[in-house]
Every structure is written in C-alpha cells, then in structure tokens.
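Q: Got chain A sorted already, so can you dock chain B onto it with the hints?
Number of protein chains: 2
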Amino acid sequence: MNMQELIKPLVQKNDTKILLIVLDGVGGLPVNGKTELEAANTPNLDKLAKESACGLHVPVAYGITPGSGPGHLGIFGYDPVECQIGRGILEALGLGLEVRKTDVAVRCNYATIKEGIITDRRAGRIPTEKNKVLTGRLQNEIKKIDDAELIFEPGMEHRFAVIMRFPENLQPDSAMINDTDPQKEGKAPLPAQPLSKNAERVSQVAEKLINRAHEILKGEERANFILTRGFSSMPHIPTFKDAFGLNALAIATYPMYRGLAKLVEMNTPALEGSVEDEVKFLKQKYNEYDFFFLHVKKVDSYGEDGNFEGKAARLEEFDKLLPEILGLKPDVLIITGDHSTPSLLKSHSWHPVPVLLKSPYVLGGLCSAFSERECVKGELGIFPAVNLLPLALANAGRLKKFGA
Amino acid sequence: MNMQELIKPLVQKNDTKILLIVLDGVGGLPVNGKTELEAANTPNLDKLAKESACGLHVPVAYGITPGSGPGHLGIFGYDPVECQIGRGILEALGLGLEVRKTDVAVRCNYATIKEGIITDRRAGRIPTEKNKVLTGRLQNEIKKIDDAELIFEPGMEHRFAVIMRFPENLQPDSAMINDTDPQKEGKAPLPAQPLSKNAERVSQVAEKLINRAHEILKGEERANFILTRGFSSMPHIPTFKDAFGLNALAIATYPMYRGLAKLVEMNTPALEGSVEDEVKFLKQKYNEYDFFFLHVKKVDSYGEDGNFEGKAARLEEFDKLLPEILGLKPDVLIITGDHSTPSLLKSHSWHPVPVLLKSPYVLGGLCSAFSERECVKGELGIFPAVNLLPLALANAGRLKKFGA
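Chains as they are written, first to last, in our numbering: chain A, 156 to 559; chain B, 156 to 559.
The set of hints was computed from the structure by calculation and includes no laboratory data.
Mixed in with the good hints, there may be bad ones.
Note that identical chains are pooled: a pair holds if it fits in a single copy or bridges any two copies.
[Claimed, not checked] Once the Cα atoms are required to be at most 25 Å apart in a straight line, the calculated SDA-like pairs of lysine to any residue come out as:
(1) K352 to Y217
(2) K285 to E253
(3) K205 to F538
(4) K475 to V288
(5) K269 to L437
(6) K285 to E340
(7) K435 to G341
(8) K532 to G188
(9) K189 to G536
(10) K532 to D201
(11) K342 to E362
(12) K556 to D460
(13) K205 to L500
(14) K342 to R367
(15) K205 to L521
(16) K202 to E529
(17) K452 to K556
(18) K168 to A216
(19) K168 to E420
(20) K339 to P393
(21) K501 to G558
Keep in mind that this is a model prediction, so the values were computed, not measured.
The following block holds chain A by itself, in its conformation from the complex (with noise of 0.2 Å):
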C-alpha cells in the first residue's frame, strides 16, 4: 500500500494553513569548510531552526539526482518513481505552454534530412532567432490536424515543443508512441509507431505534423526537419484536494513550476515579479486557500551558475522577507527545497534536502541553524520526501487517527 492509499481515508479538514516554501536547490557543499547556507548570513532562519522540527528529506533516493519534477511531486505528497511525468509535458511546462488532460506533449528538434536520412539531428544547433522565425511559421501554418488543434512553442537553439490538443480527456495510454529520433545521425527517421490501441489516433496526428512541417521547411539549409521525442500525456494522479483535502495555492514566477503544481490541480494564476512580490501575493491570498506552495526560484539558479556567493546572497535575501512571512502566523510553515543545487557541482545533486518544519507541535531544540550539517540534529531525521507531506498534516490537525 502506498502512503497516499493509507492517508487518503484519514484525512479530515478544518481551517488550519499550512505554507510550504520550496527554496529551489537550497542545499548545497562546503567551498573552504562551509555551504552556502552555513556562509550565509540569515538570523531568521537560524532562530527559526532552533524551534523547529529540523531533518534532511532525500527527494528520490539515496544517490538519485532529481530533475525538478520528481524533485516536486516527491515534497507535493507523490512516490516520484510511481508518478513520473513525461518528458514531452516537462518541456512544455518549462516553456510554459498549459497542458490539459486532454492534451499530448511532444518533445521536438529542428534536424537535417538528405536523402531519407538525418545529417545533423540538431539542424547545426540553429540560433534561437532563428528557431523562433521557422515555430512561428509552423504555428502559422498547422493550427489542427484532424481533430487535434497544435501549438507550438519554441525553446532554447533547435529545441522546441508540440501540443496537440484534442477534443475530449484522453486514456492513459493515448501518448505511447516510440520516438522518431534515431539517436544517430546516419539513419533515417523512425516512423511514429502507436504502442497501444489508444495511440493510433495521436500517432497519425503526428505523421501528418512530421510531413507537414517538412513540407513547410524543406527549403531551409539546416532546419529542415523535425524529429519527436518524448509522447506524453497528463499523468494520471490524483489531485491535490483529492489526495489530501487541501485547497492550494501555487505562488511561483516561473512556468515550471506552475505547471508542476498545475499537474496535481493547485490553482496556479500567473506571476511576475520579485520574492517580495510572491510574498506580497501570498498575503493578498491567505484568507482564500489552506495550502500555499511559494516557489523560490533563484537559489537554484546561482548554484546551477556555480556562483557559490550568489547563491548565498539570494537566501540572505530570503531570509530578510522571512518575518513579514511569519507575521501570517501559519499553523505548519515548512521550509525546504526540491532538490539539492551545490555551486560545487554546478547542477542539481542527490544529497538530502534540509527541512524545517514549524508548528506547535514539535520537540524543537536540537539546531542551531538552517544548514545540511545542523539539520541532521534534528528530530525529523533524514527521510523520504513523499513522507513531507502527511507530516505536514498531521501538525495541521488534518489526519485522523490509524486504527483504534
């Protein structure tokens, strides 16, 4: 049985809030003896941390590095393993395309063909300008395709993202199409085969969006091509109010991680703006919602820079806003990251995630800091993520008692 079936028949509601902050890539290594939380200079969230219940949660497992979905959907209450997000969806919420349940998401890259064959299978890795004249045309061009309306979002280079979108909800299996990347330049394109029943009608769908877009852009040089990845539709989990009777709130700037929360069916509107403006939102929704999930994103974003003092400065500038935070007087406040980000590594890492979570029920006393180190005194130990989520209800008053 897995945590999500045991929890489901024990939730209860009342009127508590709890506030999960996601300081992405929090965690980090020491450069010259210290990480970057362990430099940092943040009062607040040292004296916070000598209150709290302190641990370390390992987002995956011991040694697994986590992309920010599973990172995500581990500390949202979700088995990252048991629930995994294609790869076609992930690309289009990091462009920020919305995707629906009745939607398939394809990952996709310009390439060069001769011949039946593919020379380049990133068409010379073509400049982004360039990637975003030749989507704006394809866009222009194919707006449906039998009963599938498409749209396109370029990326970064020769990357970009395909959404076909259908009438009506689609089976779990609609999106099993293998790729038509052959992996090896050389080799000619792989037909869009359907895997499954379901799939046929996305996989001719697809055909057509593959000969059509090659009609479009065979004069091009390089770019005259594309090749699919990554078939995918909405994972089929439930959501977030289903699973655990929470109202939630997704506060986040950047697409990503809107569109994480969009999976599990949090209300995500559009932001722009600061931490501070997060916050100041996050103050002007409090009476609306009992779950709220503020996302920070530029603590990852330095560490993946390997900028060691830029990631340190970003969470002293947390750590100013973290008392104006506090004013809301949550009944739960958690604070954590999705993963790991040391500038050591310059990318995301496996090591644990330091956690702190604050309620009036805890033993508290056992840290003296927010850091990797201090938090391993803690009581909450070192655990899995999917195991952040019931701890967070269970100091809200929102779980009932397991027999009797």
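A: Relative to chain A, chain B alone:
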C-alpha cells in the same frame, strides 16, 4: 519481501531472555520547554539510556497517529498496515472478551427506530447501567443462532460488542459484511449483506440477531433496535512463536493489551494490580518464558487526560521499579512505547517514540538521558517500529547470518 519472510529462516533458538517494556504513550512534547520524560526525575532510566542503544521508532509512518492496535502490532514485529485488525475485534478485545479463530466480532449500538427509520443512532446515549441491563437480557434470551454461540458484552453508554462463535475456524473473508448503521438519522438500517460467498452464513446469523434483538427490545422507548458495525474475524497472521521462535508471556492488566498479545498467541494470563504487581508477576514467571511483554498503561492515561505532571509522575514511579527489573539481568531489555501521547495534545500522536535497547552488543555513550531529544542522538536513529523485534532477536543471538 516483508520483514517476517526475511527473518523467519534466520531464526535460531537459545536460552536468552528478551524483555519488552511498553510504557504506553510514552513520547511527549515540550510544555514550558520540557517534555514529560525530560521533566520527570528518572535517574535509573537516564543511566540506562547512557549505556544503551537509543533511537525513536515510527509506529506506522511519518505523520500517522496509531491506535493501540497498530501501535502494538508494530513493536511486536508485524507490519501494522498489512496486518489490520477489524474494529469489531478491537472492540471485543477492549471490553475484555476472549476472541478465537472461530469468531466473528462486531461493534453494536443501541438505537431508536420508528416505523422502520432510525431516529437516534445512539438511543439518546442511554446510561451505561441501562446498557448492562439490556445487554444482560439479550444474552439471556439469545444464546445461539443457527450453529453460532452468541456472546454479548456491554460497553459505555449505548455501545456493546457481540461475538458469534462458530464450531470451526473461519475463512479470512467470512466476516466481509457491510455495516448496518446507515450513519445518518432519518434513514432505514441497512441489511447485513454478505460481500463474499464465505460471509453468507455469518450474514444470516447477523440478520437473525438484529431481528431477535428488535423483538426483545421493542418495548423500550429509546433502545429498541441495534445497529452493527465493523464485522471482523481474527486476522490470519503468523503466531509470535511461528514468526520469531519465541515463547512469549504478556503481562498486562488491561484487557485490550492482553487481547492484542493474544492476537499473536502470546500467553496472556488475566492479571490485576499495579505496575509493581506486574513486575512481581514477571519475576515469578521469569524462568518459564523467553520473551516478556510488560505493559504499563497509566503513562498513556495521564497523557490522554492532558495531565503533564501525572504522566511525569507515572514515569517516575516506573523508574523506581527499574533496578528490580534490571536485577533479573535480561539478555535484551527494550523500553519504549506503542505510540506517543503528549499531554499537550491529550491524545495519541504521530510523533516517533523513544526506544532504549540494552544488551552487551551496543555502542552506547550517545545519549545522556531517556527522552525524545536525547534519543534523536542515539545509534538506532529514527526507524520503522517493525524493525524493533529483529533488532531484539539479533541482540539476543537469535538470528543467523543472512547469505554466505
């Protein structure tokens, strides 16, 4: 593979003795900075913690508050999610009834019915004294239905339990019968429908019981009908002896806990008195068994009452008895709880439960006292309750090597 399958082939016997002391609801939360364990003066427990392996067990899962059933099954080495005990069984055990593998147990309410409609599901919460009279009358007039012997036991107010004792052991699905309680006033009671082939015979007994009870009670103004919930038979789980090779004695003064021990076929003599009496009994029987479960109820009771000082005082009382218990020199001594019951919450809670394991084969030296916060620092970490029994067996030299 579950834990029991893993360890069963590794079990070996010897003449060691394992003593598991359950301070019911021992875990707490700070009030004025200290938990009950921290506030209580428990020099013997603290000294023992210093030289023991300590940690905290998670009874069911992060955030899950266990009832007494799952709480005990976990520390007895049974997965409390896989081995769920029916509500009828728990009710019967709690009222002190002996339940056998031949039995179906069911929780009942006295209710008020008018012209086929339930007008009060609790018969106006009739006094317990009235309940005793009515239940006595039912027992007198209904001794047998078909081939099932009927056993009635009054509870508090409108509640009572019934056991239907059949001539032979029942199949696992024999009690799959829906509740007849419609859950809302203004509705007709539901028929006791069998949800499996094997349940048909039991459902017929149930229907006849409900009709005969109505016949007997029809002159009553309020308690003129009975509603039934939680039909259940004994769980089909391996006995403690089969699973772990242990000849076990349960020492408990409350029927519920003897009942839980009986589920796994520990020896469970009826016993009354104080914790001191329990320890006396332990000493008397010490040569006859190799595993002892000694249950200390009152720690939980004071926690449930929100009586912080009372709970701390019960811990101090137990502490005074500890030298006498240590005098028995058990090979492995475990002191823990089945769940936490913080006075602050006046109820069971989801918090991990302090554990102390004393044997010659531990590190020790990590914790300065027996408390929630000190146990966080211990060598056992925070671990699922179901892992406790294999640890006891290992420390008692009762588990062979796994693999070559």
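Q: Reference check for the pair K189 and G536, CA-CA at most 25 Å: within, between, both, or neither?
A: Classified as both; 21 Å inside a copy, 20 Å across copies.
Q: Go through the copies and call it for K501 and G558: within, between, both or neither, with a Cα cutoff of 25 Å.
A: So K501 and G558 pass the 25 Å test across copies only (17 Å; inside, 47 Å).
Q: Reference check for the pair K435 and G341, CA-CA at most 25 Å: within, between, both, or neither?
A: neither (54 Å within a copy, 49 Å between copies)
Q: Measure nothing new, just compare the shortest in-copy and cross-copy C-alpha distances for K285 and E340 to 25 Å and report within, between, both or neither.
A: within (22 Å within a copy, 70 Å between copies)
Q: If the cut is 25 Å between Cα atoms, do K532 and D201 qualify within a copy, between copies, both or neither?
A: both (14 Å within a copy, 20 Å between copies)
Q: Between copies, within a copy, both or neither: which fits K475 and V288 at Cα up to 25 Å?
A: neither (43 Å within a copy, 68 Å between copies)
Q: Between K202 and E529, at a C-alpha cutoff of 25 Å, which is it: within one copy, between copies, both, or neither?
A: Answer is both: 12 Å inside a copy and 21 Å across each meet the 25 Å cutoff.
Q: Classify it for me, K205 with L500: is the Cα-Cα distance of at most 25 Å met within a copy, between copies, both or neither?
A: between (29 Å within a copy, 22 Å between copies)
Q: How would you label the pair K168, E420 (within, between, both, or neither) given a Cα cut-off of 25 Å?
A: So K168 and E420 pass the 25 Å test inside one copy only (18 Å; across, 39 Å).
Q: With identical chains, the pair K532 and G188 could be close in the same copy or across copies; at 25 Å between alpha carbons, which is it: within, between, both, or neither?
A: Classified as both; 18 Å inside a copy, 18 Å across copies.
Q: At most 25 Å between C-alpha atoms: does K452 with K556 qualify within a copy, between copies, both, or neither?
A: So K452 and K556 pass the 25 Å test across copies only (19 Å; inside, 37 Å).
Q: With identical chains treated as interchangeable, where does the CA-CA distance between K342 and E362 reach 25 Å or less: within a copy, between copies, both, or neither?
A: within (18 Å within a copy, 58 Å between copies)
Of the numbered hints stated above, those contradicted by the structure are hints 1, 4, 5, 7, 20, listed in ascending order.
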